[in-house]
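Peer 1: Sequence:
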Amino acid sequence: MIGRLSGILVEKQAPEIVLDVNGVGYELQVPMTSFYELPELNQHASLFTHFVVREDAQLLYGFITKQERALFRLLIKTNGVGPKLALTILSGMTASEFVSCVERDDIVTLVKLPGVGKKTAERLVIEMRDKLKSLLEASVGSEREFVLQSNYKPAAVVDSAEEDAISALLSLGYKPTQASKAVSAAFAEGMSSETLIKAALKSML
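Taking UniProt numbering, I'd label the letters of the sequence shown as residues 1 to 205.
Everything labelled a hint here was simulated from the structure, so no lab data went into it. Hints should not be assumed to be uniformly reliable.
As the list claims (entries may be wrong) - Below, computed lysine-lysine pairings styled on DSSO-like, alpha-carbon distance capped at 30 Å:
no.	residue 1	residue 2
1	K131	K181
2	K112	K77
3	K202	K77
4	K112	K133
5	K12	K175
6	K202	K112
7	K175	K112
8	K202	K175
9	K133	K84
10	K119	K77
11	K133	K66
12	K118	K66
13	K112	K12
14	K133	K175
15	K118	K77
16	K12	K202
17	K84	K12
18	K118	K131
19	K12	K77
20	K175	K84
21	K84	K202
22	K133	K118
23	K66	K202
24	K131	K202
25	K112	K66
26	K84	K181
27	K202	K118
28	K84	K131
29	K202	K181
30	K133	K119
31	K66	K131
32	K118	K181
33	K175	K77
34	K112	K131
35	K133	K202
36	K118	K12
37	K119	K181
38	K112	K84
39	K181	K112
40	K133	K77
Note that the structure is predicted; figures quoted are calculated from it, not measured.
Go ahead and model the full structure; you've got the sequences and the hints to work with.
Peer 2: Structure below.
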């Protein structure tokens, strides 16, 4: 089991990154909530990981905090929720926002996420309630509330910010029309790719 990786961030195309660890490049998929916290390219980064082995692939998922990884692991244990959908859920909202949805039985917000229908949302609320209670009780201090300590600084603006944002949303399961509409509505001159992705995701909740 690969539990944590530390190295140099050499590629960064949401929601995927490549981390160079002593000359070996590890491809990881990260939720956008963790992606926003990553440093600039060629800087050191450390992520907690979850390794998934399938018949056709071996996949690594990366997270800035242990709490976010713990929530990811609880999500994939829920009936009908695989790693891809769990990644989408944690990209569309923070861990604390998801906890709030479960506590308030907020089905309406959950179904706005791609791949989450009404039945899946209802199942998430029911199955995650007790699991989250145990997880919250095991947390201490500010971590109890799943609050990420942000060290995110917007990257330099590039001409392809809109294209990068649309590509990221498509990778997360949003339809082309949804992605284009959300990105266009959220775009403002001078936005970095990461900032635009975050704004577009927020606009769809």
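Peer 1: Look at each hint and say if it fits the structure.
Peer 2: Now for the hints, and whether the structure bears them out:
In summary, the hint linking K131 to K181 is not supported, as the alpha carbons are separated by about 36 Å, beyond the 30 Å threshold. Of the supplied pair hints, the one linking K112 and K77 holds, its CA atoms being roughly 21 Å apart against a limit of 30 Å. Taken as a hint, the K202 and K77 pair is honoured in the structure, with Cα atoms around 26 Å apart against an allowance of 30 Å. Taking the CA atoms of K112 and K133, the gap is about 24 Å. The hint holds against a cut of 30 Å.
Proximity of K12 to K175 is assessed by CA-CA distance (about 22 Å); at most 30 Å being required, the pair is judged to hold. About 11 Å separates the Cα atoms of K202 and K112, which keeps this hinted pair within 30 Å; it holds. For the given pair, K175 sits about 12 Å from K112 by alpha-carbon distance, which is consistent with the 30 Å threshold. For the proposed pair K202 and K175, the alpha carbon gap of about 16 Å is at most 30 Å, so the pair holds.
As the CA atoms of K133 and K84 are separated by approximately 24 Å, the hinted pair is consistent with the 30 Å bound. Between K119 and K77 the CA atoms are separated by roughly 16 Å; this keeps the pair inside 30 Å, and the hint holds. Proximity of K133 to K66 is assessed by CA-CA distance (about 16 Å); at most 30 Å being required, the pair is judged to hold. Using a Cα cut-off of 30 Å, the hinted pair K118 and K66 holds, with the two alpha carbons roughly 29 Å apart.
This hinted pair checks out: K112 and K12 have alpha carbons roughly 26 Å apart, not beyond 30 Å. Annotation: proposed proximity of K133 to K175 is violated, straight-line Cα distance about 34 Å (limit 30 Å). Straight-line distance between C-alpha atoms of K118 and K77 comes to about 18 Å, which keeps the hinted pair within the 30 Å bound. Between K12 and K202 the CA atoms are separated by roughly 21 Å; this keeps the pair inside 30 Å, and the hint holds.
Annotation: proposed proximity of K84 to K12 holds, straight-line Cα distance about 18 Å (limit 30 Å). Restraint check for K118 and K131: satisfied, since their Cα atoms lie roughly 20 Å apart, inside the 30 Å limit. Annotation: proposed proximity of K12 to K77 holds, straight-line Cα distance about 28 Å (limit 30 Å). Distance check on the hinted pair: K175 and K84 sit about 15 Å apart at the alpha-carbon level, within 30 Å; holds.
With a C-alpha separation of about 19 Å, the suggested pairing of K84 with K202 holds against the 30 Å cut-off. With a C-alpha separation of about 23 Å, the suggested pairing of K133 with K118 holds against the 30 Å cut-off. Between the alpha carbons of K66 and K202 the distance comes to roughly 24 Å, so the proposed pair stays at or under 30 Å and holds. Taken as a hint, the K131 and K202 pair is honoured in the structure, with Cα atoms around 26 Å apart against an allowance of 30 Å.
The straight-line distance between the Cα atoms of K112 and K66 is roughly 26 Å, inside the 30 Å bound, and the hint therefore holds. Using a Cα cut-off of 30 Å, the hinted pair K84 and K181 holds, with the two alpha carbons roughly 23 Å apart. For the suggested pair K202 and K118, the alpha carbons sit about 20 Å apart, so the restraint of at most 30 Å is met. Of the supplied pair hints, the one linking K84 and K131 holds, its CA atoms being roughly 20 Å apart against a limit of 30 Å.
Pair hint K202 plus K181 holds up; C-alpha atoms about 13 Å apart against a cutoff of 30 Å. A hinted pair counts as satisfied when its Cα atoms are at most 30 Å apart, and K133 with K119 qualifies at roughly 22 Å. The straight-line distance between the Cα atoms of K66 and K131 is roughly 16 Å, inside the 30 Å bound, and the hint therefore holds. For the hint linking K118 to K181, the alpha-carbon distance of about 23 Å falls within 30 Å, and the restraint holds.
A C-alpha spacing of about 26 Å is found between K175 and K77, which places the hinted pair at or below 30 Å, so the restraint holds. For the hint linking K112 to K131, the alpha-carbon distance of about 23 Å falls within 30 Å, and the restraint holds. Using a Cα cut-off of 30 Å, the hinted pair K133 and K202 holds, with the two alpha carbons roughly 26 Å apart. Straight-line distance between C-alpha atoms of K118 and K12 comes to about 33 Å, which puts the hinted pair past the 30 Å bound.
For the proposed pair K119 and K181, the alpha carbon gap of about 26 Å is at most 30 Å, so the pair holds. In summary, the hint linking K112 to K84 is supported, as the alpha carbons are separated by about 16 Å, within the 30 Å threshold. Pair hint K181 plus K112 holds up; C-alpha atoms about 15 Å apart against a cutoff of 30 Å. A hinted pair counts as satisfied when its Cα atoms are at most 30 Å apart, and K133 with K77 qualifies at roughly 15 Å.
Hint check: violations occur at hints 1, 14, 36; the rest are consistent with the structure.
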